[in-house]
Structure formats: structure tokens, C-alpha cells
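K.L.:
Given chain A, put chain B in place with the hints provided.
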Amino acid sequence: MNLSDEQLVAAYLDRGDHRAFRLLVERHQERIFGYLLGMVRDRETANDLFQETFLRVIAAMQRQRASYTKQGRWLAWVMRIARNAALDHLRSRKKWQDVSGTAGEDGLSFWELLPDDAPAIDEALHRSEQSDWLDECIGQLPPEQREVLLLRQDAELTFREIGELTGCSINTALGRMRYALLNLRKIMLASNKKPLAEVANP
Amino acid sequence: MEEKLSILEHLFGEADEPKELTAMIEADDGLRREYQAMSEVKFYLDGRAPKRPDALVLDAVVAAAASSGAGMTPRQDRPARPSGRGRRMRLAGVSGVLGVLLVILAVGLGYFRRGSQPVSAPAASRDVPIVAKAAPPAAVPPASEVVDDPAVMVSEIASVAKEAVEPSPAEARRVDRHRPTPVALQWDESAEVRELHRRIGFVEARSTSTDWGEPILTSGNTGIANGFQQVTDWDY
Chain A
1 MNLSDEQLVA AYLDRGDHRA FRLLVERHQE RIFGYLLGMV RDRETANDLF QETFLRVIAA
61 MQRQRASYTK QGRWLAWVMR IARNAALDHL RSRKKWQDVS GTAGEDGLSF WELLPDDAPA
121 IDEALHRSEQ SDWLDECIGQ LPPEQREVLL LRQDAELTFR EIGELTGCSI NTALGRMRYA
181 LLNLRKIMLA SNKKPLAEVA NP
Chain B
203 MEEKLSILEH LFGEADEPKE LTAMIEADDG LRREYQAMSE VKFYLDGRAP KRPDALVLDA
263 VVAAAASSGA GMTPRQDRPA RPSGRGRRMR LAGVSGVLGV LLVILAVGLG YFRRGSQPVS
323 APAASRDVPI VAKAAPPAAV PPASEVVDDP AVMVSEIASV AKEAVEPSPA EARRVDRHRP
383 TPVALQWDES AEVRELHRRI GFVEARSTST DWGEPILTSG NTGIANGFQQ VTDWDY
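Protein chains in written order, with our numbering: chain A, 1 to 202; chain B, 203 to 438.
So here's chain A without its partners, still in its complex pose:
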């Protein structure tokens, strides 16, 4: 039987069933850890932040559901805690403001102003190397674009949820995602790696 997140949360809170909590963690570990790893780009730090995130989650759930009100998805609520943990870490390392402070007068960063005149990507890349290479490319994105890309692609939040989480409108979240994809494409092309494969048209 595939229990929903809400049912598992209720089992943990009402009956102290820690197996339900384990199911929750195992179900969403890739989404949360993928976001954290993409944000901090260091596996050990991501492990620490993952643990810290869930310690905060447990503490918040123990406080009689003070911050978790069962409104909205449990994952979105956990992602907020994970994001706070990641931003706390990045701010302590002064890595969050470094790049985002380069935005121009119109609020767009250097990366967002890059022209989209690169040739089409049409050749294949070996799959075993592709993932690491893509992670390197994502790491070169400006933090705001990288964050939206990670929240949508890895954490699987909707653009509306991303807007609520990051404190911006859904259109801003969509705009950041658009620039993230276009810039990522340029970075991939500029990396002189194996050419990307052709992709079927929509």
C-alpha cells in the first residue's frame, strides 16, 4: 500500500511510528539531497546539511506541528527548511551574495544577459560522464538560477511552490528557470566536451 506523505506524517506524529518517518526520508532523499548538493557543491557539506535539515524537521514536527500545518505538501515544507539550512551555510561562507550581487540595473545578472546565439547542440555525450559534467555546468550558473533549476528539476517543486519558497512571483521563478536552461546550454557548449545528442522535437 502506497501511503501518502500526509498519512506517514500522521503515523509518526500520532503513534510515534519512526518507520513511517524513515519511509518519508527515503522517499524524498534524492530530491532534498540533490538540491543541497547542487547548492553547496560539496558532498560532505551536503551530508551535514541533509542531517541538519531533518533534525530541524523533527524538532519542528515535535513542537506540536507549530510550523507544519498540513497545508500544502510536506516536501515543500521540508524544502523550505533545507533551503534555509543551505542559505545559512552559504552566507556563513559568503558565497551566496558574491554572485547574486553582480546583477545589473534591471535586476538581471551577467548570466541572464548572455546572448542566446550558440549553435544547436546535436551530438551525444557519454552517459557515464554526463552526470558529473552536467553538475559542473550547473555549478557555474548564478545561484538564483541554479537554485530554481535545482528546486524544479531535483526537488520537483512546482513553479508556484518555488515562487512561494523563494519569496518571488511565479513569473520571476519562470524567468529564472528560462535563463538557467539557456545559460546552461551555453555553458555546456563552451565546455568543449563531447557534443550533445540530438533531441526529438516537441
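The hints are simulated quantities; they were obtained by calculation from the structure and are not laboratory data. Don't take each hint at face value.
Some chain B residues close to chain A (C-beta under 7 Å, calculated; not the full set) [claimed, not checked]:
id: 1; residue: L207
id: 2; residue: Y246
id: 3; residue: R250
id: 4; residue: A251
id: 5; residue: R254
id: 6; residue: V264
id: 7; residue: A266
id: 8; residue: A267
id: 9; residue: S270
Below, a list of computed lysine-lysine pairs in the DSSO-like style, where the Cα atoms sit at most 27 Å apart [unchecked claim]:
id: 10; chain 1: B; residue 1: K221; chain 2: B; residue 2: K206
id: 11; chain 1: B; residue 1: K244; chain 2: B; residue 2: K221
id: 12; chain 1: A; residue 1: K186; chain 2: B; residue 2: K244
id: 13; chain 1: B; residue 1: K244; chain 2: B; residue 2: K206
id: 14; chain 1: B; residue 1: K206; chain 2: A; residue 2: K186
To spell it out: a stretch of chain A is covered by chain B in this simulated footprint if at least three of its residues, at any positions, have a beta carbon under 8 Å from a beta carbon of chain B; those stretches are [stated by the list, open to error]:
id: 15; region: 24-33
id: 16; region: 49-59
id: 17; region: 170-182
None of these values were measured; they are calculated from a predicted model. Even for Gly, the Cβ is constructed at its ideal location relative to N, Cα and C.
P.N.:
Okay, now just chain B, sitting in the frame of chain A:
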């Protein structure tokens, strides 16, 4: 710009009207090129290997949840109720013992009463198990006056039956005056009467079972005490 954002929603499956967007993308070359470029990138993003934390981290998180869960006050399971079947069996046993005691008491009372006050028509009552309903209601005692004494019950039943079969002269005159045709008796075969008759038979059978008149035979001293036989000589 709105269209470019909309195709992004379409790319990630969040568009409200995907068919309209597809038509719009096919009709606009610029939109189609941008959609294709973003689709290529998403294709490779979808192929990325999932990232998982170390197993030790996962175990530590679950252990923290378990230890914190121990501090919570989960609803305790209620203690198991005693088996209903066992309770029913006990009740049945108690009621059975009470019933046997009542029967013994009734038999004893009946035996002593019969010895002192001979019942006038026990045989008649035995022969008339079914009572005519034509008996007047006044002849039936109220519930508060019902006695369990079998001898009394037998005599009452006999009298009721006698009245039903042989009405008093006054009643006979009244019946003759108002009803020229003979009375068609309706037999009462209700469960209560049948039960009463069954109980009378049972009580009488129990009462006569002690009328053997023979002394109880007892065994002499056989040298067996408490299941052990006394040994006088040990044969080594």
C-alpha cells in the same frame, strides 16, 4: 515574453492548456527554436544520476526521529479486553449451578409437602397437560403470586383444568342462558404451558428417583488408602 514563460510551463508539464501551447509553438519559429533548445537541456538534466546521502546519514536521521518519537506521547494501546466467550462461559456455569440448586430446593420442598399434605389430583394433572383457555382469567394467579413449589403448581393446574372442564353450577347456568350451543373449547398449546408441563415431569422424575428404599452399600476396608495399597511385606 509571456509565451516564452508559458512554453517553460509546457516543458515541465504545468501548462493549463498544453494543446494550445503546442499549436502556438508549431506556428512560431522563434518559440519553436527556444523550446527545442530548452528541451535539449532538459533531456540531459533528466538523465542525471540521482544523488543520495550517505547511508550513515540516513540512519542517523532515522535514529534521531526514533529517539525523538520516544519522547512523544503516543496513544497507548488499550489493554486487551477479557474474552467475551470466557465471560459467557462463566455466566452459563453460574446460572447452571443456580438452576440445579433451585431444582434441588423445589424437589426437597415438594417431597416434604407431599409427605404432609397429599395432593388431591396429581394424576389428573399429569393426564391433562393442556389447559383449556376457556378458564376465566381470574383463575390465573398474578405474576407476584406465582410459586415455584411443584406440588402447589400441580394442584393449581389441576383445579384450573377442572374448572375449565367442569364449570361451576352458576357458570353453567349463565352459559346455558346466554349460549344455547355448547362451548367450543380452544386448547392452549402455548410454549409457557408446554414448559410448565415439562418442568412438572422433570421434578416428579427427580422426586421418585430417591424412593428406592434400599440402603446405600458401602465398601469395607480394602487396605487401599488414597489410592495406595498398604504393603506389609517387602519381598526382596
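K.L.:
At a threshold of 7 Å, is the proposed contact between Y246/B and chain A supported by beta-carbon distances?
P.N.:
6 Å, holds
K.L.:
Between K206/B and K186/A, does the CA-CA distance stay at or below 27 Å?
P.N.:
18 Å, holds
K.L.:
With a cut-off of 7 Å, does the beta carbon of R254/B approach a beta carbon of chain A closely enough for the hint to hold?
P.N.:
This interface hint holds because 6 Å falls under the 7 Å limit.
K.L.:
Verify the coverage statement for the region 24-33 of chain A against chain B, using a C-beta to C-beta distance below 8 Å and requiring 3 or more qualifying residues.
P.N.:
holds (count 5)
K.L.:
With chain A as the partner, please determine if L207/B meets the hint condition of a C-beta pair closer than 7 Å.
P.N.:
It holds, given that the least Cβ distance between L207/B and chain A is near 4 Å, below 7 Å.
K.L.:
So, V264/B near chain A? Judge it on the closest CB pair being under 7 Å.
P.N.:
Cβ of V264/B sits 5 Å from chain A, so the hint holds.
K.L.:
Below or equal to 27 Å on CA atoms is what counts here, so check K244/B against K206/B.
P.N.:
The hint holds at about 16 Å.
K.L.:
Hint check: is the beta carbon of A251/B less than 7 Å from a beta carbon of chain A?
P.N.:
OK, holds: A251/B within 7 Å of chain A, min 4 Å.
K.L.:
Hinted pair, alpha-carbon criterion (27 Å max): K186/A, K244/B. Please report holds or violated.
P.N.:
Distance ~13 Å between K186/A and K244/B Cα, so the pair holds.
K.L.:
Do three or more residues from the region 49-59 of chain A put their C-beta atoms closer than 8 Å to C-beta atoms of chain B?
P.N.:
holds (count 6)
K.L.:
Let me know if the C-beta of A267/B comes in closer than 7 Å to any C-beta of chain A, holds or violated.
P.N.:
4 Å, holds
K.L.:
How does the region 170-182 of chain A fare against chain B when you require at least three residues with a CB closer than 8 Å, holds or violated?
P.N.:
holds (count 7)
Violated hints are absent here; each numbered hint is respected by the structure.
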